[in-house]
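For the protein sequence lines, the chains are U and Y, in the order given.
All residue numbers for the first sequence refer to my numbering, where the first residue is 6 and numbers rise by one.
All residue numbers for the second sequence refer to my numbering, where the first residue is 71 and numbers rise by one.
Derived from the structure by calculation, the hints contain no laboratory data.
Because the structure is a prediction, the values reported are computed rather than measured.
The beta-carbon is built from N, C-alpha and C at its ideal position, and this holds for glycine as well.
Heads up, a few of these hints could be off.
In the DSS-like style, the derived pairs of lysine-lysine whose C-alpha atoms are separated by at most 30 Å in a straight line are [said to hold, decoys possible]: (1) U:K199 <-> U:K116; (2) U:K87 <-> U:K345; (3) U:K403 <-> Y:K193; (4) U:K403 <-> Y:K92; (5) U:K7 <-> U:K108; (6) U:K115 <-> Y:K151; (7) U:K70 <-> U:K176; (8) Y:K151 <-> Y:K186; (9) U:K87 <-> U:K176; (10) U:K396 <-> Y:K92; (11) U:K108 <-> U:K70; (12) Y:K195 <-> U:K403; (13) Y:K195 <-> U:K396; (14) U:K377 <-> U:K345; (15) U:K176 <-> U:K199; (16) Y:K193 <-> U:K396; (17) Y:K76 <-> U:K377; (18) Y:K116 <-> U:K403; (19) Y:K160 <-> Y:K193; (20) U:K147 <-> U:K176; (21) U:K59 <-> U:K147; (22) U:K396 <-> Y:K186; (23) U:K7 <-> Y:K76; (24) Y:K76 <-> Y:K160; (25) Y:K186 <-> U:K403; (26) U:K174 <-> U:K214; (27) Y:K195 <-> Y:K76; (28) U:K131 <-> U:K108; (29) U:K115 <-> U:K276; (30) Y:K149 <-> U:K396; (31) U:K115 <-> U:K214; (32) U:K59 <-> U:K87; (33) Y:K92 <-> Y:K160.
Looking from chain Y toward chain U, a few residues come up when the C-beta cut is under 7 Å (computed) [stated by the list, open to error]: (34) V102; (35) V110; (36) K130; (37) C134.
Computed from the model, here is a short list of chain Y residues facing chain U with C-beta under 7 Å [as the list claims (entries may be wrong)]: (38) V87; (39) A104; (40) P105.
One-letter residues, chain by chain:
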Amino acid sequence: MKLPIYMDYHATTPADPRVVDAMLPYFTEHFGNSASRNHSFGWAAEEAVETARKQVADLIGANPKEIIFTSGATESNNLAIKGVAEMYREKGNHIITCVTEHKAVIDTCKKLEKQGARVTYLPVQKDGRISLDDLRNAITDKTILISIMTANNEIGVLQPIAEIGAIAKEKGILFHTDAVQAVGKIPVDVMQLKVDLLSLSAHKMYGPKGVGALFVRRRNPRVLLAEQISGGGHERGMRSGTLNVPGIVGLGKAAAICQAEMATESARLSKLRDRLNDKFHERLDEIYINGSTEHRLPHNLNISFAYVEGESLLMGINDVAVSSGSACTSASLEPSYVLKALGAGDDLAHSSIRFGLGRWSTEEEVDYVVEKLTNVVRRLREMSPLYEMVKEGVDLTKMQWITH
Amino acid sequence: MAYSDKVIDHYEHPRNVGSLPKDDANVGTGLVGAPECGDVMKLQVKVNPVTGVIDDAKFKTFGCGSAIASSSLATEWLKGKTVEQALAIKNTDIVTELALPPVKIHCSVLAEDAIKAAIADYKSKQTQDKTSSVGAGASV
Chain U
6 MKLPIYMDYH
16 ATTPADPRVV
26 DAMLPYFTEH
36 FGNSASRNHS
46 FGWAAEEAVE
56 TARKQVADLI
66 GANPKEIIFT
76 SGATESNNLA
86 IKGVAEMYRE
96 KGNHIITCVT
106 EHKAVIDTCK
116 KLEKQGARVT
126 YLPVQKDGRI
136 SLDDLRNAIT
146 DKTILISIMT
156 ANNEIGVLQP
166 IAEIGAIAKE
176 KGILFHTDAV
186 QAVGKIPVDV
196 MQLKVDLLSL
206 SAHKMYGPKG
216 VGALFVRRRN
226 PRVLLAEQIS
236 GGGHERGMRS
246 GTLNVPGIVG
256 LGKAAAICQA
266 EMATESARLS
276 KLRDRLNDKF
286 HERLDEIYIN
296 GSTEHRLPHN
306 LNISFAYVEG
316 ESLLMGINDV
326 AVSSGSACTS
336 ASLEPSYVLK
346 ALGAGDDLAH
356 SSIRFGLGRW
366 STEEEVDYVV
376 EKLTNVVRRL
386 REMSPLYEMV
396 KEGVDLTKMQ
406 WITH
Chain Y
71 MAYSDKVIDH
81 YEHPRNVGSL
91 PKDDANVGTG
101 LVGAPECGDV
111 MKLQVKVNPV
121 TGVIDDAKFK
131 TFGCGSAIAS
141 SSLATEWLKG
151 KTVEQALAIK
161 NTDIVTELAL
171 PPVKIHCSVL
181 AEDAIKAAIA
191 DYKSKQTQDK
201 TSSVGAGASV
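Same shape as in the complex, but just chain Y:
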């Protein structure tokens, strides 16, 4: 299978690999996929409670090169976006940017799911803990 240059670049130089403290109230964690399906993505966002902007994003992915590239690209795009802007990222944007072939579209779907799951986690933390945080992401 031939990979696009962008997929190879993300595979060889993945952006933002790592983990954020998952118990931090301003960190949202999304864990999607399943080992038996051959891909699992963990994507985390750290939201600035004052501005509602994603200051930091990290990922770890078990999956093929396209899955790694999709999640790496997602973290790149997430940084600097507001939570609402982040939710507007579509899997098709990832497909276009990475020139993913049809058999790899599920990798981009998984990345979109991971973004949504991370943000949902962040938002649920905010609603649970309204007294200590009055950030922009607090309302669901």
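This is chain U alone, in the form it adopts within the complex:
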């Protein structure tokens, strides 16, 4: 086993060597501009891009013509939401999203609010999922877009996308989903789910950074988007800019590999994740899983280790790469807004660790992480005034805390 161990696959994934091999010729040998229509250099690049477009489309059950290549999911989310808001301005100005969305969606919506749009941020229930009744109640005759993520990046919780898609369809509202964490990991089919716009990113599925895609439905309905980057009219006029050919080839290859290996890989990771969870529960008391265990990505685990602060926990496991919802890991002093939205209490948000398993995770690594982390949790609990108070029978919720 090699140290340090990477167990933060929600943040990013290493490129699969097969992906890198596929990309390499497109830096040097086939360096052409895919928009060059009158020579073989351009044709080779264009052919590679179209192959990749089909590979990405196949992974999500789309038509290749419905795939728009972008620089990544942040751009895809911006293009989808701003593009719809601008294009359908006459129809309405109301957008519905959710409090646990990624910042690329939330901040895009915030920006549109400043420009006069109305945005509803649906709350989530204790399990991290939105309520479909809340969604129905939020819809008005001015609603033009619903944007709800497929899987959450912190807690891995899956939203009821098919149900949301059905509601959106019924009401004639466009439906966008940020599916970055789900695509390539679990089956995602835009036809079945009745999704109109879907964002995905290569580097979350063993492809390179700096490339992603937006699925834009062409039939029933034909979705139109106002371009956000103007120029040569690439990508059906929705996203100008010379195509990142090697990146796109990498995204395509990554998509093809994910599609071929998804069934076995997700079963393997789900077993590993359960092993991780079971072993923690065997060894430690007062640990809590954040978010639904039923509707969840197979490779995600997010646990709060009560009475221990997340950053101090990370400090004790410096040969393991995981992430914490504690504010102390970032410049802000607020803990994870996703965990806060679950309503479990800020103290548990501060005590949370996100584990993201992936293609190179092994049983040996899981066992090592459990042992290492258990020891640190025990050591820090011995040092924790909260743990001591609880063991003495003090009810922490009834304490008068002196905040600074």
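Start from chain U and add chain Y according to the hints.
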């Protein structure tokens, strides 16, 4: 985030972790911070009633590495100081000693608050119980 060597040292080898009997008249306890803010410090001092010198200091901290280091360092500094000397410890002294970055300054503030709270607790015990203790910390 990169930690200074001193923060890492205090985190890995915290000084004076533990608890003193909080009902002892010569022990002052300070409990500051809040779980929802991500840090809680309990700092205790045991004052020699004759000399007014802090004989022992203990802490327990729920918080990030810098919070642990700040309170660990505080207990180290408190031992051997008089109550009045202890009150002169400033959070900026802790910031300098541990080379805390700006986002971690609140950890040092909390440690200073914990020292002040512990000593205030000790002093209030002394005024309540003047007959049994005529130590240096008795007057407020």
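Now for the hints, and whether the structure bears them out:
1. Simply put, K199 of chain U and K116 of chain U have alpha-carbon atoms about 27 Å apart, close enough for the 30 Å limit, and the pair holds.
2. The suggested pairing of K87 of chain U with K345 of chain U holds, with an alpha-carbon distance near 27 Å, which does not exceed 30 Å.
3. For the given pair, K403 of chain U sits about 26 Å from K193 of chain Y by alpha-carbon distance, which is consistent with the 30 Å threshold.
4. At most 30 Å may separate the alpha-carbon atoms for a hinted pair to count; K403 of chain U and K92 of chain Y meet this at roughly 20 Å.
5. Under the criterion of a C-alpha separation no larger than 30 Å, the hint pairing K7 of chain U with K108 of chain U is inconsistent with the structure, at around 33 Å.
6. Only pairs whose Cα atoms come within 30 Å are accepted, and K115 of chain U paired with K151 of chain Y is rejected, the gap being roughly 53 Å.
7. At roughly 26 Å between alpha-carbon atoms, K70 of chain U and K176 of chain U fall within 30 Å of each other, so this suggested pair holds.
8. Restraint check: the Cα-Cα separation between K151 of chain Y and K186 of chain Y comes to about 14 Å, which is no more than 30 Å; the hinted pair holds.
9. Straight-line distance between C-alpha atoms of K87 of chain U and K176 of chain U comes to about 21 Å, which keeps the hinted pair within the 30 Å bound.
10. For the hint linking K396 of chain U to K92 of chain Y, the alpha-carbon distance of about 16 Å falls within 30 Å, and the restraint holds.
11. Proximity of K108 of chain U to K70 of chain U is assessed by CA-CA distance (about 28 Å); at most 30 Å being required, the pair is judged to hold.
12. Taking the CA atoms of K195 of chain Y and K403 of chain U, the gap is about 24 Å. The hint holds against a cut of 30 Å.
13. Using a Cα cut-off of 30 Å, the hinted pair K195 of chain Y and K396 of chain U holds, with the two alpha carbons roughly 26 Å apart.
14. At roughly 27 Å between alpha-carbon atoms, K377 of chain U and K345 of chain U fall within 30 Å of each other, so this suggested pair holds.
15. The straight-line distance between the Cα atoms of K176 of chain U and K199 of chain U is roughly 12 Å, inside the 30 Å bound, and the hint therefore holds.
16. Among the hinted pairs, K193 of chain Y with K396 of chain U is consistent with the structure: their alpha-carbon atoms are about 28 Å apart, no more than 30 Å.
17. Annotation: proposed proximity of K76 of chain Y to K377 of chain U holds, straight-line Cα distance about 23 Å (limit 30 Å).
18. Taking the CA atoms of K116 of chain Y and K403 of chain U, the gap is about 27 Å. The hint holds against a cut of 30 Å.
19. About 19 Å separates the Cα atoms of K160 of chain Y and K193 of chain Y, which keeps this hinted pair within 30 Å; it holds.
20. About 11 Å separates the Cα atoms of K147 of chain U and K176 of chain U, which keeps this hinted pair within 30 Å; it holds.
21. Among the hinted pairs, K59 of chain U with K147 of chain U is inconsistent with the structure: their alpha-carbon atoms are about 35 Å apart, more than 30 Å.
22. Taking the CA atoms of K396 of chain U and K186 of chain Y, the gap is near 26 Å; set against the 30 Å cutoff, the hint holds.
23. In summary, the hint linking K7 of chain U to K76 of chain Y is supported, as the alpha carbons are separated by about 28 Å, within the 30 Å threshold.
24. The straight-line distance between the Cα atoms of K76 of chain Y and K160 of chain Y is roughly 18 Å, inside the 30 Å bound, and the hint therefore holds.
25. Proximity of K186 of chain Y to K403 of chain U is assessed by CA-CA distance (about 23 Å); at most 30 Å being required, the pair is judged to hold.
26. As the CA atoms of K174 of chain U and K214 of chain U are separated by approximately 33 Å, the hinted pair breaks the 30 Å bound.
27. Annotation: proposed proximity of K195 of chain Y to K76 of chain Y is violated, straight-line Cα distance about 35 Å (limit 30 Å).
28. Between the alpha carbons of K131 of chain U and K108 of chain U the distance comes to roughly 21 Å, so the proposed pair stays at or under 30 Å and holds.
29. Proposed proximity of K115 of chain U and K276 of chain U is contradicted: the alpha carbons are some 39 Å apart, above 30 Å.
30. Restraint check for K149 of chain Y and K396 of chain U: the C-alpha separation of about 28 Å stays at or below 30 Å, so the hint holds.
31. At most 30 Å may separate the alpha-carbon atoms for a hinted pair to count; K115 of chain U and K214 of chain U meet this at roughly 26 Å.
32. At most 30 Å may separate the alpha-carbon atoms for a hinted pair to count; K59 of chain U and K87 of chain U meet this at roughly 26 Å.
33. Between the alpha carbons of K92 of chain Y and K160 of chain Y the distance comes to roughly 25 Å, so the proposed pair stays at or under 30 Å and holds.
34. The beta carbon of V102 of chain Y is positioned within 7 Å of a beta carbon in chain U (closest approach about 5 Å), and the interface hint is therefore held.
35. At about 5 Å, the closest approach between the beta carbon of V110 of chain Y and any beta carbon in chain U falls short of 7 Å, and the interface hint on this residue holds.
36. Given hint, K130 of chain Y at the interface with chain U, holds; its Cβ is 4 Å from that chain's nearest Cβ, closer than 7 Å.
37. Taking 7 Å as the C-beta contact cut-off toward chain U, the hint placing C134 of chain Y at the interface holds, the least distance being around 4 Å.
38. A hinted interface residue such as V87 of chain Y counts as satisfied when its beta carbon comes closer than 7 Å to some beta carbon of chain U; here the least separation is about 5 Å, so the hint holds.
39. Below 7 Å, beta-carbon pairs count as interface contacts, and A104 of chain Y has one with chain U at about 3 Å; its hint therefore holds.
40. A distance limit of 7 Å between C-beta atoms decides the matter here; for P105 of chain Y the minimum to chain U is near 4 Å, and the interface restraint holds.
Figure legend: structure checked against the earlier numbered hints; hints not met, in rising order: 5, 6, 21, 26, 27, 29.
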